[in-house]
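K.L.:
Sequence:
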Amino acid sequence: MRLDRRLKHRFGIAAAPLAVRRHVAWYWRLPLLAAILLVGGLVLSWLFYNAGARFTGLDRGATVDELQRLREKLGSLERENASLRSDGAQSDRKMQIEQATQNDLAKTVKTLQDENAQLKEDLTFLRKQMSSDKRDGDLSIYRFKVENTMPGEYRYRLLLLQGGQREREFQGKVQFLVSFTRGGEKLVMTLPAAKEAEAQAYNLNFKFYQRLEGVFHVEPNAQVKKVQIRVFENGAVQPKLVQAVNLS
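Under our numbering, the sequence shown has 233 at position 228, and the numbering climbs by one with no breaks.
Hints in this document: simulated from the structure, not taken from any laboratory.
Note that the coordinates shown come from a computational prediction; the quantities given were computed from them, not determined experimentally.
For every residue, glycine included, the Cβ atom is placed at its ideal position computed from N, Cα and C.
Possibly wrong hints are sitting among the right ones.
What the hints assert, rightly or not - In silico lysine to aspartate or glutamate, EDC-like type, Cα no more than 20 Å apart, as pairs:
no.	residue 1	residue 2
1	191	224
2	212	172
3	115	97
4	231	158
5	178	224
6	212	224
7	212	238
8	230	158
9	245	174
Unchecked claim - Beta-carbon label-pair distances, calculated as ranges:
no.	residue 1	residue 2	range
10	115	189	48 to 56 Å
11	38	73	40 to 48 Å
12	145	98	48 to 56 Å
13	145	230	23 to 31 Å
14	148	114	37 to 45 Å
15	124	157	28 to 36 Å
16	206	91	47 to 55 Å
17	244	116	32 to 40 Å
Take these sequences, add in the hints, and give me the full structure.
P.N.:
Following this line, the structure appears as structure tokens:
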């Protein structure tokens, strides 16, 4: 009886439903098991890494904060460096301006010293001339110089003196003959020109002395060799005095 009941219970109507399962070979289960183990290993590694970072103080959040602090510090240093460079550049410009000013002052002092020495020498010469026994109306030229100040520009200066008793003023004019070369050709230029607007600058009217200074121009590629001055008295055709200066 017990055997019958067991058979009915297992294979009869009251038996448990039959479940059909797909059989999977063992060699197909290996990749799945390997994947599960790999994921598990990665999870464990991540957990161990975080735990180790917390234990050693290498927390990611703290690292990010430290990097941000270092970036801000770097930006502050760069701004400070730029400010220092700007201050340094301004200081350099200020020093250059001061140096240029000192150089200009030194040049001015040197020029004034030279002019003072020249004036003293001129005064000594004038005193000798005024006390000399020259005949009335005698003319002389003192310190006739011509200097090349820049390409094509020449500056002249001289002092005209009248000796003797100087009972009357000398009235007349001066004329310059400028000999120069240009492209191998020898040329002569007369100053003042026939229609020069500043011809009155060459007029003379003095009793004791008259200083003449001026500038004349030639082409930049020309080279002045000699400058001759002629002094004419009003109404005279021939010059009363002639003197020349050679330029090297």
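K.L.:
The structure should be examined with respect to each hint, and the outcome stated for every one.
P.N.:
Hints and how they fare:
no.	hint	in the structure
1	191 / 224	13 Å, holds
2	212 / 172	8 Å, holds
3	115 / 97	27 Å, violated
4	231 / 158	14 Å, holds
5	178 / 224	26 Å, violated
6	212 / 224	37 Å, violated
7	212 / 238	13 Å, holds
8	230 / 158	13 Å, holds
9	245 / 174	15 Å, holds
10	115 / 189: 48 to 56 Å	39 Å, violated
11	38 / 73: 40 to 48 Å	45 Å, holds
12	145 / 98: 48 to 56 Å	53 Å, holds
13	145 / 230: 23 to 31 Å	25 Å, holds
14	148 / 114: 37 to 45 Å	22 Å, violated
15	124 / 157: 28 to 36 Å	30 Å, holds
16	206 / 91: 47 to 55 Å	52 Å, holds
17	244 / 116: 32 to 40 Å	33 Å, holds
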